[in-house]
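Asks: Here's the letter readout for the chains.
Number of protein chains: 4
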Amino acid sequence: MNQWIISTIFLTMSFSKFTSEIPVRPDDIDMNNHVHFSRYLDYVLAARFEQMERDYRMSMEEFTARGLGWVVSGCTVQYKRPLVLGDVAIVKTGIVGLGTSSGKVGFEIIRKATGKLSADGIFDYTLVDIATGRAVPLTEEIIQRYSI
Amino acid sequence: MNQWIISTIFLTMSFSKFTSEIPVRPDDIDMNNHVHFSRYLDYVLAARFEQMERDYRMSMEEFTARGLGWVVSGCTVQYKRPLVLGDVAIVKTGIVGLGTSSGKVGFEIIRKATGKLSADGIFDYTLVDIATGRAVPLTEEIIQRYSI
Amino acid sequence: MNQWIISTIFLTMSFSKFTSEIPVRPDDIDMNNHVHFSRYLDYVLAARFEQMERDYRMSMEEFTARGLGWVVSGCTVQYKRPLVLGDVAIVKTGIVGLGTSSGKVGFEIIRKATGKLSADGIFDYTLVDIATGRAVPLTEEIIQRYSI
Amino acid sequence: MNQWIISTIFLTMSFSKFTSEIPVRPDDIDMNNHVHFSRYLDYVLAARFEQMERDYRMSMEEFTARGLGWVVSGCTVQYKRPLVLGDVAIVKTGIVGLGTSSGKVGFEIIRKATGKLSADGIFDYTLVDIATGRAVPLTEEIIQRYSI
Numbered sequence: 287m288n289q290w291i292i293s294t295i296f297l298t299m300s301f302s303k304f305t306s307e308i309p310v311r312p313d314d315i316d317m318n319n320h321v322h323f324s325r326y327l328d329y330v331l332a333a334r335f336e337q338m339e340r341d342y343r344m345s346m347e348e349f350t351a352r353g354l355g356w357v358v359s360g361c362t363v364q365y366k367r368p369l370v371l372g373d374v375a376i377v378k379t380g381i382v383g384l385g386t387s388s389g390k391v392g393f394e395i396i397r398k399a400t401g402k403l404s405a406d407g408i409f410d411y412t413l414v415d416i417a418t419g420r421a422v423p424l425t426e427e428i429i430q431r432y433s434i
Numbered sequence: 287m288n289q290w291i292i293s294t295i296f297l298t299m300s301f302s303k304f305t306s307e308i309p310v311r312p313d314d315i316d317m318n319n320h321v322h323f324s325r326y327l328d329y330v331l332a333a334r335f336e337q338m339e340r341d342y343r344m345s346m347e348e349f350t351a352r353g354l355g356w357v358v359s360g361c362t363v364q365y366k367r368p369l370v371l372g373d374v375a376i377v378k379t380g381i382v383g384l385g386t387s388s389g390k391v392g393f394e395i396i397r398k399a400t401g402k403l404s405a406d407g408i409f410d411y412t413l414v415d416i417a418t419g420r421a422v423p424l425t426e427e428i429i430q431r432y433s434i
Numbered sequence: 287m288n289q290w291i292i293s294t295i296f297l298t299m300s301f302s303k304f305t306s307e308i309p310v311r312p313d314d315i316d317m318n319n320h321v322h323f324s325r326y327l328d329y330v331l332a333a334r335f336e337q338m339e340r341d342y343r344m345s346m347e348e349f350t351a352r353g354l355g356w357v358v359s360g361c362t363v364q365y366k367r368p369l370v371l372g373d374v375a376i377v378k379t380g381i382v383g384l385g386t387s388s389g390k391v392g393f394e395i396i397r398k399a400t401g402k403l404s405a406d407g408i409f410d411y412t413l414v415d416i417a418t419g420r421a422v423p424l425t426e427e428i429i430q431r432y433s434i
Numbered sequence: 287m288n289q290w291i292i293s294t295i296f297l298t299m300s301f302s303k304f305t306s307e308i309p310v311r312p313d314d315i316d317m318n319n320h321v322h323f324s325r326y327l328d329y330v331l332a333a334r335f336e337q338m339e340r341d342y343r344m345s346m347e348e349f350t351a352r353g354l355g356w357v358v359s360g361c362t363v364q365y366k367r368p369l370v371l372g373d374v375a376i377v378k379t380g381i382v383g384l385g386t387s388s389g390k391v392g393f394e395i396i397r398k399a400t401g402k403l404s405a406d407g408i409f410d411y412t413l414v415d416i417a418t419g420r421a422v423p424l425t426e427e428i429i430q431r432y433s434i
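Residue numbers (our numbering), protein chains in the order written: chain A, 287 to 434; chain B, 287 to 434; chain C, 287 to 434; chain D, 287 to 434.
Isolated chain A, as found in the complex (with noise of 0.2 Å):
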């Protein structure tokens, strides 16, 4: 409970969307000529590496170099529309929400070519220490970045 009291506050500033384009591969196609289902959470996870240099000026690689990593702790998807062959997804995606060590990104997967949603949902990733895999505290800096 405590672990959100952080994100009741920030709730009321204004967490920014960003959008990234994947492109469909052929391995991502299953049985049902379709993407495979498992496959939108590797969309969301690329779309997210792309923002988080490109859009938050925060890579990745800044946070590996600090000792610092975000895992996925939990993810809800809900399949509205299936992406075939020769799509290319625009992966929308922004902060809903930090806790004390953690962060919710809401993500919404659309069909270029129809402008039609394809799945939504929720990623809660929580900040670790790489070395101990424990979570830590997001610090005043991290949450400024990512307060745009």
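Derived from the structure by calculation, the hints contain no laboratory data.
Copies of the same chain look alike in the list, so a pair counts if it works inside one copy or between any two.
Within a straight-line C-alpha distance of at most 30 Å, the following computed BS3-like cross-link-like pairs (lysine-lysine) qualify:
#	residue 1	residue 2
1	K378	K303
2	K398	K303
3	K378	K398
4	K390	K366
5	K402	K390
6	K402	K303
7	K366	K402
8	K366	K378
9	K378	K402
10	K398	K366
11	K303	K366
Quick caveat: nothing in here was measured; it's all calculated off a predicted structure.
Chain A is fixed; fit chains B, C and D onto it per the hints.
Replies: Chains B, C and D alone, transformed into the frame defined by chain A:
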């Protein structure tokens, strides 16, 4: 709302849990030296395929032969402890609810070496007509097969 | 032996090389912090799909519509230098020979950041009738389309 | 050239073949309803990891502990017959030659249900110093372990 009325009835029945063992492959390991987070979904999928045939005696191929398919319409995963190279994942799944044209499957992924929980969560499946992609109601036969 | 007689004739013609850019995704990275060795094959596959449509003007879908498909019947890869997270792979491919019912495609994967060769090799494709799975001869039209 | 002198000597010795069983997972299946062609490489990789520990009694972890690693420097695959959902792949591998700092591993992938050959080929492995990434010579001990 309406969709879950049947489910409520069936929740008073007992649904069994079944178990599959999925060996971790080196290609499942990511840059963090753990099983990649999206591969957990693939482990659950693999377990369900095995259990549909072995335990429910109604394989995915049988559904396909009737022009039907189960598609994942949503999922939720909580990651607890990593799986690593050399591990075997014990995947326990069981129905936790049936809707008009859907089923909720709960799962636990356990690290065989320690018996500890690695991840758990829920898959939402929808029964669809393969030709049209539309949801179709569960038949009495399907409900019977799953009510073990 | 006989199969490569046409190929010998066509080798005196000039086949073009085409180029695709494949961004490395985090899920492509393995425990060695490099792009996983089998994903190189997927990069070549993705490049060929793009080039079939964009450059040869005969997409895989067009083949499918005629009941035909290209299957990989063999491949050879030499790995030279790793690709890492954040990289873009430049994939150059070109036909290096056509047989009665087959085509040899040479490829080079270049790390965009350095311009240096990451891997090269050959894919052997066979044209098959999708319904029977059997090899079928290249038509004159297919040969013309590929002879650019 | 020089590299294969040791190899020539050892080829007069007998190298054993070892066998692993890899169950096909649904996420291995691609749009052609077959095991995706690049996953064959992952099956061989998985078999080698198992066999290094179980059969050669020198696991990848032991190499890592000495600061050494085996990297795939090249591979060749011939695809013969598809593997499908529900199949188990029998992967037989064996050393076919040792060089100064390298080993050639031949493999056969057999469809358990029929006993028929699905694919075969060669992996070229190079022994490297993990810290520098450079090739290092096989020690007498490593050669002994592999000469069974």
